[in-house]
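**Q** If you want the building blocks of each chain, they are given just below.
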Amino acid sequence: MKEWPVWEVFVRPRNGLDHRHVGSLHAPDAEMALELARDLYCRRGEGSSIWVVPAEAITASRPEERESFFEPLEKEYRHAQHYEIPPEVKGM
Amino acid sequence: MTATNGQLFEYLLRLGDDALILGQRLCELLGRAPEIEEEMALANIALDCIGQARLFLSYAGEVEGAGRDEDALAFRRDVLDFRNLLLVELPNGDFAHTIGRLFLVSSFKEQLYSGLCGSRDARLAAIAEKALKEVRYHVRHSGEWVIRLGDGTEESHRRMQQAIDLLWPYTGELYTPDALDRAMAEAGIAPDLERIGPTWLERVEAVLREATLERPQDGWMQAGGKDGRMHTEYLGHILCEMQFLQRAYPDAVAW
Amino acid sequence: MYSQGLDVGGRIESRKPQTAAEAAQEELFRRKIEAEIKIEPTDWMPEGYRRTLIRQISQHAHSEVVGMLPEGNWVTRAPTLRRKAILLAKIQDEAGHGLYLYSACETLGVDRAELIAQLLAGKAKYSSIFNYPTLTWADIGMIGWLVDGAAIMNQVALQRCSYGPYARAMVRICREESFHQRQGYEIVMTLCRGTAQQRRMCQDALNRWWWPALMMFGPPDKDSVHTPQSTEWKIKRFTNDELRQKFVDATVPQAQYLGLEIPDPKLRWNPERGHYDFGDPPWDEFWRVIRGEGPCNRQRLEQRRRAFEEGAWVREAALAFAEKRRARRRAA
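Protein chains in written order, with this note's numbering: chain A, 1 to 92; chain B, 93 to 347; chain C, 348 to 679.
Isolated chain A (complex conformation) (with noise of 0.2 Å):
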């Protein structure tokens, strides 16, 4: 028999904070989902907003990319450190 399908789930625990995958769940339907969610990981009261997404619905990167996807982003002049900036000069 088949089984109630794995969704990925993302909340928000207040307001000015980012969504963050907390965990997963099974439901047969996405309304059902939300409200597992809730019960699932908003029990104390964390969250303001929840997404639900069907765990089929992710596309993630390949770990065997790793190298080649995230490497080349890496420029040292895109940090602070990078820069010497004599101690004198305040507020930077």
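For the record, the hints were derived by calculation from the structure and aren't laboratory data. Among the hints, erroneous ones may be present.
As the list claims (entries may be wrong) - Here are the simulated SDA-like cross-link-like pairs (lysine to any residue), alpha carbons at most 25 Å apart as the crow flies:
| # | chain 1 | residue 1 | chain 2 | residue 2 |
| --- | --- | --- | --- | --- |
| 1 | A | Lys2 | B | His249 |
| 2 | C | Lys593 | C | Pro610 |
| 3 | C | Lys671 | B | Thr291 |
| 4 | B | Lys225 | A | Ala60 |
| 5 | B | Lys222 | A | Gly45 |
| 6 | A | Lys2 | C | Lys385 |
| 7 | A | Lys75 | A | Val53 |
| 8 | C | Lys379 | C | Pro575 |
| 9 | C | Lys671 | B | Val299 |
| 10 | C | Lys470 | B | Arg124 |
| 11 | C | Lys569 | C | Pro612 |
| 12 | C | Lys671 | A | Val53 |
| 13 | C | Lys569 | C | Gln603 |
| 14 | C | Lys671 | C | Phe655 |
| 15 | C | Lys593 | C | Ala514 |
| 16 | C | Lys671 | B | Tyr267 |
| 17 | A | Lys2 | C | Glu670 |
| 18 | C | Lys581 | C | Leu455 |
| 19 | B | Lys225 | B | Val296 |
| 20 | A | Lys2 | C | Glu656 |
| 21 | B | Lys222 | C | Pro612 |
| 22 | C | Lys671 | B | Arg295 |
| 23 | B | Lys222 | A | Asp18 |
| 24 | B | Lys222 | B | Thr291 |
| 25 | B | Lys222 | B | Thr245 |
| 26 | A | Lys2 | B | Arg250 |
| 27 | C | Lys613 | C | Ala514 |
| 28 | C | Lys593 | C | Gln603 |
| 29 | C | Lys385 | A | Glu64 |
| 30 | B | Lys222 | A | Arg78 |
| 31 | C | Lys671 | A | Arg14 |
| 32 | C | Lys379 | C | Lys593 |
| 33 | A | Lys2 | C | Asp458 |
| 34 | A | Lys2 | B | Glu247 |
| 35 | B | Lys222 | B | Asn97 |
| 36 | B | Lys225 | B | Tyr267 |
Following the hints, complete the assembly by docking chains B and C onto the known chain A.
**A** Here is chains B and C on its own, set in the frame of chain A:
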């Protein structure tokens, strides 16, 4: 027109006992639900019900002024002194019956609590406001299940229809006012059941339609719960289980 | 924690790497473990590591879900409304914890349905403690105080487990568990300060739960097959005996404070060691219970099995409806 303390006490018992007995029935479902996720949801609803029972019964004890607290009322009254609706004391049955009963009761309570938010009794209004938020979720959860089961498979449709048919004769008691209901409405403490009833019925009929279920014909409606005239045989067994410890250890002061 | 005591049965072998590429992966994996870098779901991992985690996490999940039953047995009979509410909240937490753990286990490529099927067929293990019956209200206090107390000892360490999803689930679980032990101790304390009958109920419960609680930490280190590998992979952070000792040292003073007698004639403070000496748990009973012959093994599984079977039509209906709704939305 003001209500007497005696009347307010009786009325609060009705609200408290409904929440208590429904909560107790839901507690029986732990370890028996069709899926662990549903167990969580039902436990959550049971917890809400017990919380509401505590608020209503504590207030009732204060109004009575005889030194009875929420536990004295919950654990030391016998069947003849309980004021819950018959609908909440019926057994859980299968999942269709469980969720059908939850839907009928909570959708009615949604209307009732909504009306109670405007009560002249400030404390009652405050309790109702909190309870209303909880009950909205109960309605949503149970209503969606009624639809899923009604419009699911042939077997679930059959079971859901059967459940609604069996429960229907107990719904009249929800919205048919008696002398106490009328007194509370006149005193501005409770809403007029004659206005809430039709709204409730409309909402229920809409859900039944979406669930492809037939709305049962209105036949003889059972009553005798909220006025305590005649409960079902089920209530005695519920109390027996619930009250056991306090009855077995009458000298115990604290638990 | 509910998995601590469960390294019984077959050893999970770690194969030697077959190819140079695999050897390189294994080296990288080993360095991550050493550097306390978490292993995430799609990272390469030795097959033995994956299977050990599946075993441990699923056993932990099963324990939470079966663990709801001994407490569920008393929720309709809780002696006050406050106690009823607290117990409901605790049981609800346990359902939630089971779900977090199944969810973490599924990231390792296994289906929850498969895991549940194994549990219901009696092929999967769960913590032995839940095969004991809850006979009086005091038992509920013991479960919170002793069983959750034991769980917390191991769980804190598991928050630093090498596998990311499991570690994160444990962080969440530890945060939520803070009231579980305290409410249990509060029940016990209230009973001990109550009537003579209540005190007697309490001592009786302690007599029945003390040894099973000690056995939760699993067999003695010398009889525990999985410990060395699990420790190397940072799945297991303390040995069975270490945790058992810690538990005894912490719990004995708590019992003494209440005037309760621990049912161990060999229990005594050892000033040279700086720890309590205590007697051997009845290990033959432990092995019997693990094998399925404990007081409640059959009833626990029977209850879960019945709920599962009786719920089949409900789960099916939900899926059928979801399919109909999808088809309608597509057609619209």
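**Q** Compare the structure with each hint and give your call.
**A** Comparing the hints with the structure gives:
Among the hinted pairs, Lys2 (chain A) with His249 (chain B) is consistent with the structure: their alpha-carbon atoms are about 19 Å apart, no more than 25 Å. A threshold of 25 Å between alpha carbons decides the hint, and for Lys593 (chain C) with Pro610 (chain C) the separation of about 18 Å falls inside it, so the pair holds. Simply put, Lys671 (chain C) and Thr291 (chain B) have alpha-carbon atoms about 29 Å apart, too far for the 25 Å limit, and the pair is violated. Only pairs whose Cα atoms come within 25 Å are accepted, and Lys225 (chain B) paired with Ala60 (chain A) is rejected, the gap being roughly 38 Å.
Between the alpha carbons of Lys222 (chain B) and Gly45 (chain A) the distance comes to roughly 15 Å, so the proposed pair stays at or under 25 Å and holds. Of the pairs offered as hints, the one joining Lys2 (chain A) and Lys385 (chain C) is violated, with about 33 Å between alpha carbons and a cut-off of 25 Å exceeded. As the CA atoms of Lys75 (chain A) and Val53 (chain A) are separated by approximately 33 Å, the hinted pair breaks the 25 Å bound. Pair hint Lys379 (chain C) plus Pro575 (chain C) holds up; C-alpha atoms about 18 Å apart against a cutoff of 25 Å.
For the hint pairing Lys671 (chain C) with Val299 (chain B), the CA-to-CA distance comes to about 17 Å; that is within 25 Å, so the pair holds. Among the hinted pairs, Lys470 (chain C) with Arg124 (chain B) is consistent with the structure: their alpha-carbon atoms are about 21 Å apart, no more than 25 Å. Annotation: proposed proximity of Lys569 (chain C) to Pro612 (chain C) holds, straight-line Cα distance about 24 Å (limit 25 Å). For the hint pairing Lys671 (chain C) with Val53 (chain A), the CA-to-CA distance comes to about 19 Å; that is within 25 Å, so the pair holds.
With a C-alpha separation of about 31 Å, the suggested pairing of Lys569 (chain C) with Gln603 (chain C) is violated against the 25 Å cut-off. Of the supplied pair hints, the one linking Lys671 (chain C) and Phe655 (chain C) holds, its CA atoms being roughly 24 Å apart against a limit of 25 Å. Restraint check for Lys593 (chain C) and Ala514 (chain C): the C-alpha separation of about 22 Å stays at or below 25 Å, so the hint holds. Between Lys671 (chain C) and Tyr267 (chain B) the CA atoms are separated by roughly 34 Å; this puts the pair beyond 25 Å, and the hint is violated.
Under the criterion of a C-alpha separation no larger than 25 Å, the hint pairing Lys2 (chain A) with Glu670 (chain C) is consistent with the structure, at around 12 Å. Proximity of Lys581 (chain C) to Leu455 (chain C) is assessed by CA-CA distance (about 17 Å); at most 25 Å being required, the pair is judged to hold. A hinted pair counts as satisfied when its Cα atoms are at most 25 Å apart, and Lys225 (chain B) with Val296 (chain B) qualifies at roughly 19 Å. The straight-line distance between the Cα atoms of Lys2 (chain A) and Glu656 (chain C) is roughly 14 Å, inside the 25 Å bound, and the hint therefore holds.
Of the supplied pair hints, the one linking Lys222 (chain B) and Pro612 (chain C) is violated, its CA atoms being roughly 53 Å apart against a limit of 25 Å. Proximity of Lys671 (chain C) to Arg295 (chain B) is assessed by CA-CA distance (about 23 Å); at most 25 Å being required, the pair is judged to hold. Proposed proximity of Lys222 (chain B) and Asp18 (chain A) is contradicted: the alpha carbons are some 29 Å apart, above 25 Å. Restraint check: the Cα-Cα separation between Lys222 (chain B) and Thr291 (chain B) comes to about 21 Å, which is no more than 25 Å; the hinted pair holds.
For the proposed pair Lys222 (chain B) and Thr245 (chain B), the alpha carbon gap of about 37 Å is over 25 Å, so the pair is violated. Straight-line distance between C-alpha atoms of Lys2 (chain A) and Arg250 (chain B) comes to about 21 Å, which keeps the hinted pair within the 25 Å bound. Taking the CA atoms of Lys613 (chain C) and Ala514 (chain C), the gap is near 37 Å; set against the 25 Å cutoff, the hint is violated. At roughly 16 Å between alpha-carbon atoms, Lys593 (chain C) and Gln603 (chain C) fall within 25 Å of each other, so this suggested pair holds.
At roughly 17 Å between alpha-carbon atoms, Lys385 (chain C) and Glu64 (chain A) fall within 25 Å of each other, so this suggested pair holds. A threshold of 25 Å between alpha carbons decides the hint, and for Lys222 (chain B) with Arg78 (chain A) the separation of about 51 Å lies outside it, so the pair is violated. Proximity of Lys671 (chain C) to Arg14 (chain A) is assessed by CA-CA distance (about 35 Å); at most 25 Å being required, the pair is judged violated. Pair hint Lys379 (chain C) plus Lys593 (chain C) does not hold up; C-alpha atoms about 30 Å apart against a cutoff of 25 Å.
For the given pair, Lys2 (chain A) sits about 12 Å from Asp458 (chain C) by alpha-carbon distance, which is consistent with the 25 Å threshold. Proposed proximity of Lys2 (chain A) and Glu247 (chain B) is supported: the alpha carbons are some 17 Å apart, at most 25 Å. For the hint linking Lys222 (chain B) to Asn97 (chain B), the alpha-carbon distance of about 23 Å falls within 25 Å, and the restraint holds. Taking the CA atoms of Lys225 (chain B) and Tyr267 (chain B), the gap is about 21 Å. The hint holds against a cut of 25 Å.
This entry does not satisfy hints 3, 4, 6, 7, 13, 16, 21, 23, 25, 27, 30, 31, 32, going by the numbered hints stated previously.
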